[in-house]
Every structure is written in structure tokens, then in C-alpha cells.
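Asks: Please take these sequences and the hints and turn them into a complete structure.
There are 4 protein chains.
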Amino acid sequence: MNTFGNLFRITSFGESHGKAVGVIIDNCPPLIELCEADIQADLDRRRPGQSHITTPRDEADQCEILSGVFEGKTTGTSIAVVVWNKNQESKDYGNIKDVFRPSHADFGYDQKYGIRDYRGGGRSSARETIARVIGGAVAKKILKEKLNVEVWGFVDQVGEDKFKTIDKSFIEKNPLRMADEKSFPETLKKVEAVKQSGDSIGGSVQIRVENAPVGLGSPVFGKLEAELARAIMSVPATKGIEFGEGFDLSAMKGSEANDPFVATTQILGSKNSESADPGIKYRTQRNANGGIIGGISTGDDIWFRVGIKPTSSIIQKQTTANKAGENVEIEIKGRHDPILVPRAVPILEAMTAMVILDHVMLHKAQCGL
Amino acid sequence: MNTFGNLFRITSFGESHGKAVGVIIDNCPPLIELCEADIQADLDRRRPGQSHITTPRDEADQCEILSGVFEGKTTGTSIAVVVWNKNQESKDYGNIKDVFRPSHADFGYDQKYGIRDYRGGGRSSARETIARVIGGAVAKKILKEKLNVEVWGFVDQVGEDKFKTIDKSFIEKNPLRMADEKSFPETLKKVEAVKQSGDSIGGSVQIRVENAPVGLGSPVFGKLEAELARAIMSVPATKGIEFGEGFDLSAMKGSEANDPFVATTQILGSKNSESADPGIKYRTQRNANGGIIGGISTGDDIWFRVGIKPTSSIIQKQTTANKAGENVEIEIKGRHDPILVPRAVPILEAMTAMVILDHVMLHKAQCGL
Amino acid sequence: MNTFGNLFRITSFGESHGKAVGVIIDNCPPLIELCEADIQADLDRRRPGQSHITTPRDEADQCEILSGVFEGKTTGTSIAVVVWNKNQESKDYGNIKDVFRPSHADFGYDQKYGIRDYRGGGRSSARETIARVIGGAVAKKILKEKLNVEVWGFVDQVGEDKFKTIDKSFIEKNPLRMADEKSFPETLKKVEAVKQSGDSIGGSVQIRVENAPVGLGSPVFGKLEAELARAIMSVPATKGIEFGEGFDLSAMKGSEANDPFVATTQILGSKNSESADPGIKYRTQRNANGGIIGGISTGDDIWFRVGIKPTSSIIQKQTTANKAGENVEIEIKGRHDPILVPRAVPILEAMTAMVILDHVMLHKAQCGL
Amino acid sequence: MNTFGNLFRITSFGESHGKAVGVIIDNCPPLIELCEADIQADLDRRRPGQSHITTPRDEADQCEILSGVFEGKTTGTSIAVVVWNKNQESKDYGNIKDVFRPSHADFGYDQKYGIRDYRGGGRSSARETIARVIGGAVAKKILKEKLNVEVWGFVDQVGEDKFKTIDKSFIEKNPLRMADEKSFPETLKKVEAVKQSGDSIGGSVQIRVENAPVGLGSPVFGKLEAELARAIMSVPATKGIEFGEGFDLSAMKGSEANDPFVATTQILGSKNSESADPGIKYRTQRNANGGIIGGISTGDDIWFRVGIKPTSSIIQKQTTANKAGENVEIEIKGRHDPILVPRAVPILEAMTAMVILDHVMLHKAQCGL
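Protein chains in written order, with this note's numbering: chain A, 1 to 369; chain B, 370 to 738; chain C, 739 to 1107; chain D, 1108 to 1476.
Note that these hints are calculated values from the structure, not bench results. Keep in mind that a hint or two might mislead.
In silico contact screen, one side only, chain A against chain D (beta carbon under 8 Å); selected entries [claimed, not checked]: (1) Ser12; (2) Gly14; (3) Glu15; (4) Gly18; (5) Arg45; (6) Asp110; (7) Gln111; (8) Tyr113; (9) Gly114.
Only pairs whose alpha carbons sit at most 30 Å apart, straight line, appear in this in silico DSS-like list of lysine-lysine [unchecked claim]: (10) Lys189(A) <-> Lys622(B); (11) Lys1360(D) <-> Lys900(C); (12) Lys835(C) <-> Lys1297(D); (13) Lys1271(D) <-> Lys900(C); (14) Lys164(A) <-> Lys531(B); (15) Lys911(C) <-> Lys1360(D); (16) Lys442(B) <-> Lys513(B); (17) Lys991(C) <-> Lys281(A); (18) Lys1388(D) <-> Lys1248(D); (19) Lys1302(D) <-> Lys991(C); (20) Lys1126(D) <-> Lys86(A); (21) Lys388(B) <-> Lys811(C); (22) Lys1253(D) <-> Lys1061(C); (23) Lys884(C) <-> Lys692(B); (24) Lys442(B) <-> Lys1388(D); (25) Lys991(C) <-> Lys1297(D).
The C-beta atom is built at its ideal place from N, Cα and C for all residues, glycine as well.
Replies: If you want it as C-alpha cells, here you go:
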């Protein structure tokens, strides 16, 4: 299915080498100021060719709003946004048309549908993530303006190297979207070497939601972790997700893993007067659960890590099978993206922002009468 | 929301110390033979008190089918199944009524709804998983009878110890549901020691789907991994999921991570005649992707690992905060489950089976005209 | 599918002669005071045997809340409510087991599923409407308490006789739920004669929503009329629905059918002070559109009419076909409900109330940030 | 919400005077031959300016497929189709910008969202039905090719005149899409007179599904009538729907309304051999229920009638209210469509075809394992 979300919903379309990719955003709150520039910023963070270590496919990925915005504001009706594919060169696909590239979707699509658009991966191409980034840009804007919620991410692992330092200000200053300035130069060299050798490399992304509202998610099937996991694991090349300390918690005892609540009484200044209200603020001691306990957000920052495999398209020669049942060798020519994780950051942010906004709306619906 | 599934759906209800927990199974295929015994086997694998290392809460968890089955067969209409709570002792909850137990759902429910049934965790109690196991038992039966698909799981990690050996026949012979007979005795001792000390311990479960059909899942948002991740991460105490080699793939290069398709030409005997058809069978070399590539099942076994945190309820004294904004000490009395993973196995199997059946039905709908 | 609603949802189960019928209410707002008595009032208006002109099946239809209510209030988690079937006499169904009763669901179920519970109609029995009435009773209570919205209905046609007078106070004072006291005695005589002759008779119900909020429903597919039409036409025996002046509008010219908006400037007293705000109140001149224009409620009363066919079960001998392909005669013995419309009133009210509440919640979600 | 359908789904966008209107068709079966011409035929039946009695807005309404079709066949992925708006003259909307046109959506949108695109009705314009017709054209093609199901409709009432004769071959030969050749000339004159006077007129459409499969729809909430009613009542200007003999059944006794099943034993020639199988074929005597009983299709033709109000936009002067709370007079200039029913026919066919295909897929999913 090509629709995502319960209340804040996107429906996407488009193939790598078709005319366009695009999205319909449904049930967006009205009266939000919105223009192409609001969306373009994140599309630019996703687009190929943004640095020397990504695929050089030349796509400006300029978006165009077709509906749902009137006099600069959302109207509450469906917002269609489209990005026209420029780079539709009709090259010869003879060599991959009938071959199932290793770790690519070719085989599954072929078996499922009996047909597939083999040009550049067709619908399975990462170009579909443009639709996600568009939806996410709108969700981010609403979250920021209405609730001061901020969703951001960074690369916390490249290949075997994991980085602990989180310097938010550095992330958008380096092509790897790392938050650890000190480790960056050496890691960049590694990635350049991987690119040089016609190979690719994996990594991990950490996503954080600052000022996340308390009370999002629901008991049982609609746990916020479940909804986020679905969103994230629908992004191409993701192979794992863990919330908070994640798999490390599996190795602990309860006395180590448990994370006590801590209450502080704050003096909250009222906005409209000089009086002051004392308020209770709750936090957990170390936020080991990633801001979600029992499926419901606690008001701590939400954070989770996403494991991403190396780009499946590599230049090196590989073996695989073809449609005729023969085992063959293939060489994939042309574009080559040695590392996916930096470009995955805005996509994962987008999915997260949409889930958070969706659950803000769900919560409002049930508990806001 | 308390409904799970797209086409094969369950809707659940019930609290730990309410009258009953139960489930409505919707859109179940008709003409499936079904009786309570078909369900009870898995409920017995889930129930407390099944061994000396689980919580001793005494619940037989006998299920009762209220509707949807006629003359021993499903009718295609909704199937309601209920388990009556026996152990509803009205003990004094005074000590936890207003306290937010560490790593428990108390705080989130309270903030979200302004009210919570604090008796034994209410709706956040793991008793809700009875509904999942019931739905899963029906899904498993259909998968086995109609498609020869088998869903099973085992504990592949307890605390820091990971087990590589997979001896399927041993799993149901030991109370830890380990598949590694050699490591079992020592691990059991560790768990007993944890129990003795009033503490708990985490672990991991591996789930496998044998004879998984090819072509399940859909491009973009409905990837099979996304749907499974949602299902699994909605189970209490899960903190992470990884498909196939999962997070390990993040540390690899593409040339290491990629997993070529391999074709073999088989002589497939026709069932109804003596003629024989040559067929092509595809497999990947090592199934590094866990049987799902590009979001669609490949026909390889599906496999993934689930990280589960240690039981939050421990006997040891802990600090936390209460509703009044005070930081307090609590001691949780009564039942105590030192390890969740063995009982998690049938629950995770159930969720998996329901997702697989759901997607068999979705596939049939789109591609079966 | 056995689930109804987008946000305020019910999932139902149960057959005529099974153990029970029941419902799970999902996503109900928390902190609503709720007990069995709140629901029982409407169940009593639906139940058989409530007067001498309904089926004499003896069912008290006492409901029991199994979950979702704690200390007298809804907790926001799923509310299960069950009614146990008392009248499960195992009479001989030999004569209808293989026969397709005229205008009954027997044939369709048989063809669709290859199996059906033939005892009293099984799942197709009107007993399933108990679940609707339960869900509706909760929705009505919330609408009344939170928004002062009232949903009510009455019989405005019996057979060929249509009644124009609407005396709300008379409705619950007569067994036909007519709002026209003057026409009642004669109509009652007709119905009694129909009953005497072993026949049945059709009629129409009018439903009204007083103090309906403005702005419910959405453009395009989610028009409030569409959502109400689905809800209403899912009730057994309904064959038509028309909003406002309905089919009569088809016969008009635009200059006759159009219904101008009229604005009045009101002095709205503020609740908390002695100051007064002038407010604009809009109404249409005659509410020809039934309170919904362009799919969105206008703030006028919502009103529509529902055509209901005569009870299919009649005592008179009829011809029909059986499973073996023979054309046969049947006589349906036992219970006989000469007129459905009076008992349909609470069912149609229930469906309406759930749709209205659902859309209040949807509206809050999209426009309430 | 702007998505319609359970399995075969469309999501639509676009305003009257925006850049484009369009649709994403999701979950379409793969391997269906599809090109723009397949869709254009129905768009031409819907488009304005097709005859002298419709609005003269000059729009060719040429559709363009953007995705989901490869080498002339559907791929199973989402199909985007767009129609560019040509007639976007930037005329002066000063006179209707702040006025709530009688029986138009202006008021509701304004109250709901606090903003509306007032140019030509914006999202509430009937131009949104282009998306429906596109989705319906695809559904019709699949139904015809795979199941020989045909969905068609005609105008059976104009103003007060109802037509009983059904001559299918005449429908597309006259601009009123009447099926009664004899009544046509006089009715045309009436409509021309209405147009001349600056007024409009209502009417009714009858929709029929030939060769409808048996077993579509489901018990309780998913009754086929409920699903069709929702689909139909979401079309602009519809005010009522009745299935089969509809409201007339309300006036009958059971002995009159009931419709016995009739079985005939047929000799069904096998396609692939010379042997012949005797088959039983069931029909109802007069199909009073419109091909649906108990919510499930019987295999009889499905038929229902839809009441449509006269075009709200008339040339004659009218009173109404404006945003400032003043009661004013308005004159709507420019285009004027004196009768909606002929152009409604392809739209209602489209909605019907999508519901039928959707339920074929749902049925396959549940009962086709």
C-alpha cells in the first residue's frame, strides 16, 4: 500500500525513471503557512549529488505544490506535491532487465507482480523517499510552530566505527552528517577509500525528538514504538531499530535497566501575568527507554537508532541468478552511492515527524474533548 | 487503538484484574476446523506458572469461544474468545496506586488519560497478550493447513550470553525455550540466581518462518519488515528488532553484505500424474536479509531477532516519583517474573503468524484475480 | 468486517443462538462516567418483547461491562460489553437448514462462505444490533455531556401512511414510536391486523440531531452524508436513505430547492462575566438539505429519513428454493415480528450518534491543534 | 479524508482553479493493459461542454498517466493520473469571496477550516469528480476483462418526470443520458426552457451492475449496500439512495415485499471439453432488493436509484448571508449548468465500479485461500 499514517497521511507515487515522483498529503491542519521553500530545504538534504561522496545523479529535485495551499496557507484539503524527474536518459538496461541484482528488490517484485519497471529500480528506487521527505517537511513545520517539537538526526556509526559525541551544531556542516567532529576526518577518508574501490559501506542513524509531548501512543497495538518501528523499517535499506539503550537492555538485569522517575517542582512563569505557578516536572534518570515506556511517550526526549545496510549497488563484479534460472555474473555500471546513511537522515527524520504529528492528532481526538 | 491487522484482524480487551481478557478475530477464512484445544496449546506456553522460573500467578487461562464457530468450523464471521481472570484478589494497592513504578506504563497512562486501573498494571499488564496468542493460534493453524507455513521461535540470548546453536527439537523441552541444549544448564542456574536475588534479566528471541511464501509485503510503506516491526514492537518489553544479520550489516561493506541469488533447476513431480515439470528454485546464498528484500519476501526463511528488556517488576527496593511530585522509595511485593523471554516466544510467534497470514490475504486480493 | 468507525470504533460479535453477543468499544474518551444502567436504557428500547406488537422472544438483554471502566469511569482503553443469550432453545431447524428463506441472508451467506449458522439466522440475526445500541449509548452520553448534542428518532411512516406531526414528547409513550399522537390509534389497529394475519409491514424512521456542531464531515469522500449513509444502510432491513427533503429535491428547480443562509446577530451573554459579546448565528431558511451542505454540517439540525422494509419472516406460507436446487414451500414457525420500525429507532439513533461523535473527534484532530 | 476504498483505493487532490486535479490509484492488480485512452472515454462523458445543455466551461480534460504503468501494463504499484486545469482565468471573485452561496459548500468550509479557496468553489467544485472517474475507468476495465461485470447507468427522472422504459442502447445517444427514447424530446425541451430561464433542475440516476458476482459484501457493518451508499452519497449533489424497490418497500406488507428465490437447473457446457455439467442457478423472482440481501450480493443484477438535487448555481438573483453577518443579494455570473444528472451518470458508475472491484478483492482475500 502506498499510504502512510492514521490521521496525518501521505500517499505516494512515482518510479525512478518515470515522469515524476510525488505525494498527496491528506488531513493536514488548515491555516499553516506553506510554500515550496519550506519543503525544498529538506529535499536538498536528501537529493543525490549534494556532496562528492554520494551518487552523482544530477537531479535538482525542485518540488511544485499542485493543490491544497491557497494564498500561502494550507486549506485543510489534500496537498499534492510533485517533483519532476529530469534524468530520464533512456540508456540500455539490457544487462539488468532479466537479472536479479543481489540484495535488490528486483526478484521480489518480479515474483510478486510478474512485471517490474527495471529502469533504475522503478518503484523500488530510493527516489520514492522524496515523497516521504515532502510529507515530513510539512509535519516538522507544524510540530515546530504549534508545539515547539524538533525532530533531528545524525549518523552515529559508519561501518564498524561508532561515535558517542553528539554535537548538534556540527551535523549539517559535514557531508557524512556525523555529530562527532573529531572522528569526522578519518571516517571521511575511509568512505572515500570505499568509494574508490567501487564498494559501499553501512552505518547507523540516531533520531531524536526534542520537546516530545507526553502521552503520545496508545496501549497495546498502537504503542508509539510500534508505530515508529513501522515507519522507520519501511525506509529502504533499514535492517534494524532499537529504542533507547535497545539491545543493550537485553544484556542487563532489571536493577540495572530500570530507570526511575524523578520529580522536580518548578516555578513556571505564567505568560500573561506576573504570577507564577509551581509545576511538577517528571523525567527519568537516564532515559534508557528512549522516551517511551509502555508504548506511551514520557516527555523525555524520544531517541532510537536505525541500522542501515551498505548500498546494494556496487561497482565490483558479483554473481547472481537471472529470470531464466541461470547463475550469472553482473557488473552494475553508472551511478554509485558508496554510503547511504547521510542521505537517510532527512528521510528518517521525516518518517519520525509524521508519526509524532499523527499521534499528537490522535491524542487530541481521544483526550481533547 | 486495540485493533491489529489489515485483513486478518484482532481487537482485544481486558485488564489484569478485570473480569476477563479477550479478543475478537475478524475476517477469518471460513471452513477452518477450530476448537478451544487448538488455541489452548499456545495459551499454555504463555501462561504464568508454567515453570519454576516464571511468575507463580495461578491462572489456568482456559479459553472459551463465544462466537464465529459452528459445528466445529469457522463461519467467516467474527470469532470472540474470552479467558476469565480467576486471580482477582482484591489486595491492597495502596502502595502503588499513586506511585509511578520505574520502567512501567503507570506514568504514561496517568498523564495521557488522567486515570488508570492500577490493579496489577490494568490494561498495561502482560495479560493483554492472551488476546494476541489466541489470534496467533488461529493464524498459525491456517498457515500450516493451507500453506504448510510454520512459525516458531526460541530464546537466543539470556543476559549477556548469546547462543548460536539451533536445535529446534529442544526448544519446548526446557523452561527457557532455548535451542542450545549444551548452554542450557548453566544459563538456568544464572536465571535461578537472578530470581533468588529478587532481580530480573533480559534476553533476545529469534523468530523464524519456514516455507514462507514468496511475494508477501508491498513496496514503500507496506514492506513486510515494516509490518512485522510494528507487530513485534507492540509487544510489551520489546526494545529492538533486527532482520537477518540486522545491525551487523551496518558494519559491513556492500561486497560483504550483499547476498547473491542462486538458482537451481529442480525436477518437480506433479501431484496428479506421473509427468514431471522442471522448475526453477531461487535462494540467496546465506539469507543475510532475513528472507525479505526490498520489503518483499523472497521465499527464503524469514528470520529476525527481538531484544527484550528485563522484567520491570523486581523485588529489590527502588527509587521513583509519585503523583504528588515526591521522590520516594518503593518495594513491589508479590509476584515476580525473573525472566520474560521464554514466555515471550509464543507471543512473538503469534504476532508474526498474524502478519504473515494477513499478507497472504493481501497478496491474494491484489494478485489473485 | 465487524468493525465500525474511524476513531470512535466498535467491533462486534455474536450470533442469534450462540452464547452471547457483544462489542468492544475502542478509543473512547477517558473519564466519562459509565455504568451498565447508562447502556441498559437503550437496550430496553431495542429488546424484543417490549410490547405486544413485537416478537415475543423473551430476552432481558442485560448487559455486562467486562473492561475499560474503572471506579465508574472510562479509562481510555477498550470497553468490552456483553449480553448473554438466554433463549437458546435447541429447537429443530430441520425445515430451514437447507432452505433459503425469501428476502433473508441465508442464500448469500451460504454462497459466500460455504457454511452458515442457520439457528435463528446466526450472525445475520438482528441480535447483532445489540452491539450497535451499546456503542451508541456510550456515544450519545458523551455527545450530551460534552457538547449538548442530542440524537433522537421516531417512526414517520407505517406502510403507506406518512405522518408529518412531530411531537417529541409522545414518541416514547407509544409502542410504535410515532411522534403523531393523533394518527397513532388507527395505525396501531392496522399493525395489529397485520400481526393477526401472520404478515408484516414496512415503514420509515426519521432521525434528528439537535445542536449538531458546525464543521463536521470532510470534503470529497468523507462527507458527513456519506458516513451517515454507510452507517445507516448497514442496519438490517434498511433499503433507502434520504437527507433533508431528499428525493423531493430531485423534482424541484434550483430556485425552489436552494435554501438561503440567514444571519442573525445575537447578544451572547458571557458565562463568566456581565459583559456581552455580539455573535453572528447562521441558519438556512428551511433546512432543506438536512443540516449538511457540501458534506459538512452547517449547524442546523441534521435530519434524514430511512426506508425500512417489512420483516422478512412472516407466518404465511411462501415459495422459495433450497440448497438442492428444488423450488419448495416453507412456513416459518415460532417468533414473528410484524413491524420492525419501532425497534429500529434506537438502533438508527445509535449508528447516528457514533458517526457524529467520530466526526467530532476527527474534526478536533485536524482543526484543534 | 481524500482516500476512498478498502483494497482498491484512490486518493484525490485538486481544486477548480488550481493547477491540476488528479488521483493516485493504489493496490491495483498488476498486468492490466492500461493507457490514457482507456480512461479518456469516461472523462469525456463527464467533462463540461459536452453538449448544449451543460456548462460551457471549456476543458478538454485530457488525462496523463504519471506512474504505475510500464510497457503498457499496470505494475501493481501506485498509478498517478493527472488532468491539468486549462481554464484558470483570474476573474474577479470579489462578489462571492465573502458570501455563502445558497446550498453551496462555502459556508461549511469556512466554518470548518477558517479558510477556503473561493475560486470556482475550490476543493468543493465538481472538478474533484475527475479523480473518481479516472479510478472508476480502471475498475470498470478490470471488472469487464476479468469477470465480465458491467456497470452502467442512466437518467430515470428529470424534475417531476420519471421514466420506466430502459433501452440501454439509447443512453449514450442523447445528451440527457435517458434510456427512454420516447420521452426524450419533450424532456429536452423542458431542460432547455430551464436553462433559458437561468434556473436548474434535479433528477435521478439509476445504476445497474450486470453479471454481479454472488457473495460480495459482508455481514454487519460491511454490507454491500452500506459500502455503495457511502460511495454514492459522497458524490456532490446526491441527496438520497434507495436499493431495488427502495422506499416503495416501506409501504408494503411482507407478503408483497418478499421475493422468493427460484432455482433452475441448467446444463452448463464445460469450456474445455465436450462433457456437460448440470448446474443450479438461483435468481429471485423480481429482484426487489436490488441484488443485495442481508448485505451480500445474490448474483441478481445490482440496481439502485440516486436522487440528485438541482444545480445550486443558478443565474437568478438570490438572497443569502455573508461573512460579516449581513443578509445580502447575490447574482452568480458566468457558467451555469442547468442539469447535473447526465454528467453524474459516469461519476456514479465510477464509484459503483470501484466498490464492486474492492469487494471482489476483499472476497478473494477472505475466501480464496
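Asks: Indicate, hint by hint, whether the structure satisfies it.
Replies: Hints versus structure:
1. Ser12: holds (7 Å)
2. Gly14: holds (5 Å)
3. Glu15: holds (6 Å)
4. Gly18: holds (5 Å)
5. Arg45: violated (24 Å)
6. Asp110: It is violated, given that the least Cβ distance between aspartate 110(A) and chain D is near 11 Å, above 8 Å.
7. Gln111: violated (11 Å)
8. Tyr113: For tyrosine 113(A), the interface hint holds, since the closest Cβ of chain D sits about 4 Å away, which is under 8 Å.
9. Gly114: At about 6 Å, which falls below the 8 Å cut-off, the nearest Cβ of chain D leaves the hint on glycine 114(A) intact, so it holds.
10. Lys189(A) <-> Lys622(B): Given that 30 Å is the threshold and the Cα spacing comes to 15 Å, the pair holds.
11. Lys1360(D) <-> Lys900(C): holds (15 Å)
12. Lys835(C) <-> Lys1297(D): violated (55 Å)
13. Lys1271(D) <-> Lys900(C): Measuring from Cα to Cα gives roughly 25 Å; hence the hint holds.
14. Lys164(A) <-> Lys531(B): Holds - the C-alpha atoms of lysine 531(B) and lysine 164(A) are around 25 Å apart, at most 30 Å.
15. Lys911(C) <-> Lys1360(D): Answer holds: lysine 911(C) to lysine 1360(D) is near 25 Å, not above 30 Å.
16. Lys442(B) <-> Lys513(B): holds (16 Å)
17. Lys991(C) <-> Lys281(A): Violated. Lysine 991(C) to lysine 281(A) sits at ~64 Å, over the 30 Å cutoff.
18. Lys1388(D) <-> Lys1248(D): The given pair, whose Cα atoms are some 26 Å apart, holds under the 30 Å limit.
19. Lys1302(D) <-> Lys991(C): Since the Cα atoms of lysine 1302(D) and lysine 991(C) sit roughly 11 Å apart, the hinted pair holds (cutoff 30 Å).
20. Lys1126(D) <-> Lys86(A): Answer holds: lysine 1126(D) to lysine 86(A) is near 20 Å, not above 30 Å.
21. Lys388(B) <-> Lys811(C): holds (16 Å)
22. Lys1253(D) <-> Lys1061(C): Judged against 30 Å, a Cα distance of about 28 Å means the pair holds.
23. Lys884(C) <-> Lys692(B): holds (27 Å)
24. Lys442(B) <-> Lys1388(D): holds (26 Å)
25. Lys991(C) <-> Lys1297(D): holds (11 Å)
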